[in-house]
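Number of protein chains: 2
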Amino acid sequence: MSLLSSPFTPPPRLLMGPGPITCDPRVLQAMSNQLIGQYDPSMTACMNETMALYRDVFVTENRWTFMVDATARGGIEAAMISVLKPGDRVLVPIMGRFGHLLKEIAERCGAEVSVLDVPWGEVADPEKVIAAIKRVKPDLVALVQGDTSTTMCQPLKEIGNFCRAEGILSYCDATASIGGNTFLTDEWGIDIVSAGLQKCLGGPSGIAPITISPEATRRIRARHHVEAGIRTQAHQNGKGERIRSNYFDLAMIMDYWSEERLNHHTEATSMLFAARECARLLLSEGRDEVVERHRINGAALAAGLSAMGLRLYGNQQHRMNNVVGVYIPDGVDGERVRRYMLEDFGIEIGTSFGPLVGVIWRIGTMGYNARKGAVLPTLACLEQALRLEGVSVPAGAAVAAAMASYADAGAQSDE
Amino acid sequence: MSLLSSPFTPPPRLLMGPGPITCDPRVLQAMSNQLIGQYDPSMTACMNETMALYRDVFVTENRWTFMVDATARGGIEAAMISVLKPGDRVLVPIMGRFGHLLKEIAERCGAEVSVLDVPWGEVADPEKVIAAIKRVKPDLVALVQGDTSTTMCQPLKEIGNFCRAEGILSYCDATASIGGNTFLTDEWGIDIVSAGLQKCLGGPSGIAPITISPEATRRIRARHHVEAGIRTQAHQNGKGERIRSNYFDLAMIMDYWSEERLNHHTEATSMLFAARECARLLLSEGRDEVVERHRINGAALAAGLSAMGLRLYGNQQHRMNNVVGVYIPDGVDGERVRRYMLEDFGIEIGTSFGPLVGVIWRIGTMGYNARKGAVLPTLACLEQALRLEGVSVPAGAAVAAAMASYADAGAQSDE
Numbered sequence: 009m010s011l012l013s014s015p016f017t018p019p020p021r022l023l024m025g026p027g028p029i030t031c032d033p034r035v036l037q038a039m040s041n042q043l044i045g046q047y048d049p050s051m052t053a054c055m056n057e058t059m060a061l062y063r064d065v066f067v068t069e070n071r072w073t074f075m076v077d078a079t080a081r082g083g084i085e086a087a088m089i090s091v092l093k094p095g096d097r098v099l100v101p102i103m104g105r106f107g108h109l110l111k112e113i114a115e116r117c118g119a120e121v122s123v124l125d126v127p128w129g130e131v132a133d134p135e136k137v138i139a140a141i142k143r144v145k146p147d148l149v150a151l152v153q154g155d156t157s158t159t160m161c162q163p164l165k166e167i168g169n170f171c172r173a174e175g176i177l178s179y180c181d182a183t184a185s186i187g188g189n190t191f192l193t194d195e196w197g198i199d200i201v202s203a204g205l206q207k208c209l210g211g212p213s214g215i216a217p218i219t220i221s222p223e224a225t226r227r228i229r230a231r232h233h234v235e236a237g238i239r240t241q242a243h244q245n246g247k248g249e250r251i252r253s254n255y256f257d258l259a260m261i262m263d264y265w266s267e268e269r270l271n272h273h274t275e276a277t278s279m280l281f282a283a284r285e286c287a288r289l290l291l292s293e294g295r296d297e298v299v300e301r302h303r304i305n306g307a308a309l310a311a312g313l314s315a316m317g318l319r320l321y322g323n324q325q326h327r328m329n330n331v332v333g334v335y336i337p338d339g340v341d342g343e344r345v346r347r348y349m350l351e352d353f354g355i356e357i358g359t360s361f362g363p364l365v366g367v368i369w370r371i372g373t374m375g376y377n378a379r380k381g382a383v384l385p386t387l388a389c390l391e392q393a394l395r396l397e398g399v400s401v402p403a404g405a406a407v408a409a410a411m412a413s414y415a416d417a418g419a420q421s422d423e
Numbered sequence: 009m010s011l012l013s014s015p016f017t018p019p020p021r022l023l024m025g026p027g028p029i030t031c032d033p034r035v036l037q038a039m040s041n042q043l044i045g046q047y048d049p050s051m052t053a054c055m056n057e058t059m060a061l062y063r064d065v066f067v068t069e070n071r072w073t074f075m076v077d078a079t080a081r082g083g084i085e086a087a088m089i090s091v092l093k094p095g096d097r098v099l100v101p102i103m104g105r106f107g108h109l110l111k112e113i114a115e116r117c118g119a120e121v122s123v124l125d126v127p128w129g130e131v132a133d134p135e136k137v138i139a140a141i142k143r144v145k146p147d148l149v150a151l152v153q154g155d156t157s158t159t160m161c162q163p164l165k166e167i168g169n170f171c172r173a174e175g176i177l178s179y180c181d182a183t184a185s186i187g188g189n190t191f192l193t194d195e196w197g198i199d200i201v202s203a204g205l206q207k208c209l210g211g212p213s214g215i216a217p218i219t220i221s222p223e224a225t226r227r228i229r230a231r232h233h234v235e236a237g238i239r240t241q242a243h244q245n246g247k248g249e250r251i252r253s254n255y256f257d258l259a260m261i262m263d264y265w266s267e268e269r270l271n272h273h274t275e276a277t278s279m280l281f282a283a284r285e286c287a288r289l290l291l292s293e294g295r296d297e298v299v300e301r302h303r304i305n306g307a308a309l310a311a312g313l314s315a316m317g318l319r320l321y322g323n324q325q326h327r328m329n330n331v332v333g334v335y336i337p338d339g340v341d342g343e344r345v346r347r348y349m350l351e352d353f354g355i356e357i358g359t360s361f362g363p364l365v366g367v368i369w370r371i372g373t374m375g376y377n378a379r380k381g382a383v384l385p386t387l388a389c390l391e392q393a394l395r396l397e398g399v400s401v402p403a404g405a406a407v408a409a410a411m412a413s414y415a416d417a418g419a420q421s422d423e
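For the protein sequence lines, the chains are W and C, in the order given.
The first sequence begins at 9 in my numbering and counts up by one.
The second sequence begins at 9 in my numbering and counts up by one.
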């Protein structure tokens, strides 16, 4: 059987889609470390160090900052299922595909969900969100910071602060935005934030960093139960309405990440190593410096695409730094151009979801690929791919505009 | 901040506990491969290849054999939440900690759970399980094959075949046993089986292989809904009672692993690479050969421990091949011995759960560490650690007995 004869060898790709993106080679190295036992002192030290590092990534003092062993979507579900009880009211501003996802997950938790629909390509006006909060009186407000489906970046400070003042819990999915765009958990008053590694953190999908405020912790711990097979006389019997999921029961996951180290799952050790290294690399470079690097590269990419005669998608005032939506020119087969890019040039750019399928491409410049050496080849090759498709494109304009954008940014930072 | 100055470097350990165990270095190499996009033809080919490989691991023709992106416990929850509706009846024979876990997960799904309690250290008598099935008339019978908490291996064939004949769904958690003990999904009539990589498959925790029979698939697909943000006119509107979890909705995960490749989560690419390599290595060596290797090494380990004067835990007729429970001698501080082993000899052996805490150690010989070069050093060092603790141990007896056990096995295989 030929599958058995050799290990899988992926082809070389430059991943310039909306994520996952090319992994930082230092993160791959971290994952190639040999395993250690889950209660080895070096393992629990690694877990504690990872908690400390992600407090800095999320800019928070939250004690309960740890990992959920699932992809980013699992982090969202863990947050919702652990705070929501059936019948709770949730408000979700929806500006794209991932707002729909928050609504759907909240509904499956048994919540009554109200939405605030925002046209795709725009963000929710904080004043309108606050008005909706006053009207709906939700138990939880759930938002996406950066919705890759539309490339938009939702302003959060006013909304978070309003919720905090009113005693309403807030949740934010920062998967696509964290690292590439400013996120100030405590200053903005967001109660729970979850993320993934596969965007601006430059790692693989498969583990979800999460941070939980003291008030959200209090509500989650009020539903704390210890599993029968590991409960001892020292444990109190369970109290409160049991959280509907065992795997995503954040109260039990806290026990595992606490000094008690009460077993829950077996930590995904290799993914933990990846998560720790992603945070270490980001913080070593500097949180603000990494955001600025994403801004500079996103601006250069956008300038290059515009100079090629392409029209950018969505309100550019609110575009995430790390992904650009661009209209597929009339008469162009978007998928054929993507195939030229992938198969002939080895560069992946993104398709899109739902109403935007066939309408826009999404091109990311994030994490390890938020660099000139990734942006310029993408623009150079896209110019050629469009030419292969028969589109008339000004020769060299995209790269020249991107170079000029980089020069501007350099001049500004020299001032 | 010193955390930023260097990557995490785990200390060298020989992991001889109940899992995770030392990862096969070839699996670490597979994980160090660079990422590819989730719809790259090479990625979807890798997914399809992984499905094919795990059909052979599970010994099944089931089309729906794929990965859940969570630790093994997430695979259990995905199976239960996708087939169970609130009020469904579930029967769980409980012979250890992981039987309690199945009960707890089923309860959180809203099921009415009946249990068949078995003394720890024994397995459930299939006749008694069948009698309980006749009495309870469950919608689902859920069992653990190998419960590491007690080291026991549950016989499944009669129970599975009875359920199949009666049209009752069966689920089995094979996390701790698969690879090291025979598992015949189709021949035994088990509808859903899930597992993890971190035991006999020689990989890291963090992804859960699962296989689903046509009948279980039919019941799951009857509750199929497509997410709002990615639904198109070509999709039927949802039908059936919606599965309570989005992340663990196996109907949607099937869409992702189908030719439609409808987006759900972003596949945990590095863990997928690990899973594929684990299966490739196992099948290259040969499924029966790997089971036999576990049997031989487990027998040698058990012989060595007995020769040292230690008493083995549980019914040895039903012990898993890959883990041995052994009583901590009277007056010995079990945790101090484990610390000697870990800190002075670099070898991890396992503690235990619930009623067995402080009563037994659990020593594994599984996956990459089901080999003489792991078993003999473990016995040699345990002899020394016991001596350090003041226990009188016959010098060299353990290693001699293990060597004799290996020689017997070799002689038998030469016949």
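Hint data in this document are derived by calculation from the structure and do not stem from the laboratory.
Check before you lean on any hint, since a few could be wrong.
Chain copies aren't distinguished; within one or between two, either way the pair holds.
In silico lysine to any residue, SDA-like type, Cα no more than 25 angstroms apart, as pairs [to be verified]:
#: 1; residue 1: Lys136; residue 2: Ala236
#: 2; residue 1: Lys93; residue 2: His243
#: 3; residue 1: Lys145; residue 2: Arg71
#: 4; residue 1: Lys247; residue 2: Gly95
#: 5; residue 1: Lys142; residue 2: Glu223
#: 6; residue 1: Lys93; residue 2: Arg231
#: 7; residue 1: Lys93; residue 2: Arg226
#: 8; residue 1: Lys165; residue 2: Asp64
#: 9; residue 1: Lys142; residue 2: Val367
#: 10; residue 1: Lys380; residue 2: Arg71
#: 11; residue 1: Lys247; residue 2: Ala139
#: 12; residue 1: Lys247; residue 2: Val123
#: 13; residue 1: Lys136; residue 2: Glu249
#: 14; residue 1: Lys93; residue 2: Ala236
#: 15; residue 1: Lys247; residue 2: Asp341
#: 16; residue 1: Lys165; residue 2: Ile138
#: 17; residue 1: Lys136; residue 2: Glu112
Here's how the hints hold up against the structure:
1. Lys136 - Ala236: between (47 angstroms within a copy, 23 angstroms between copies)
2. Lys93 - His243: within (24 angstroms within a copy, 30 angstroms between copies)
3. Lys145 - Arg71: Answer is neither: 28 angstroms inside a copy and 47 angstroms across each miss the 25 angstroms cutoff.
4. Lys247 - Gly95: both (19 angstroms within a copy, 22 angstroms between copies)
5. Lys142 - Glu223: Classified as within: same-chain Cα gap 20 angstroms, cross-chain 48 angstroms, threshold 25 angstroms.
6. Lys93 - Arg231: both (10 angstroms within a copy, 22 angstroms between copies)
7. Lys93 - Arg226: within (15 angstroms within a copy, 30 angstroms between copies)
8. Lys165 - Asp64: within (18 angstroms within a copy, 53 angstroms between copies)
9. Lys142 - Val367: neither (36 angstroms within a copy, 58 angstroms between copies)
10. Lys380 - Arg71: Close neither inside one copy (37 angstroms) nor across copies (44 angstroms); limit 25 angstroms.
11. Lys247 - Ala139: Neither. Shortest intra-copy (35 angstroms) and inter-copy (35 angstroms) distances fail the 25 angstroms Cα cut-off.
12. Lys247 - Val123: Classified as between; 23 angstroms across copies, 32 angstroms inside a copy.
13. Lys136 - Glu249: Classified as neither; 33 angstroms inside a copy, 34 angstroms across copies.
14. Lys93 - Ala236: both (22 angstroms within a copy, 22 angstroms between copies)
15. Lys247 - Asp341: neither (58 angstroms within a copy, 34 angstroms between copies)
16. Lys165 - Ile138: within (12 angstroms within a copy, 60 angstroms between copies)
17. Lys136 - Glu112: Close inside one copy (22 angstroms), not across copies (43 angstroms); limit 25 angstroms.
Consistency note: the structure conflicts with the earlier hints numbered 3, 9, 10, 11, 13, 15.
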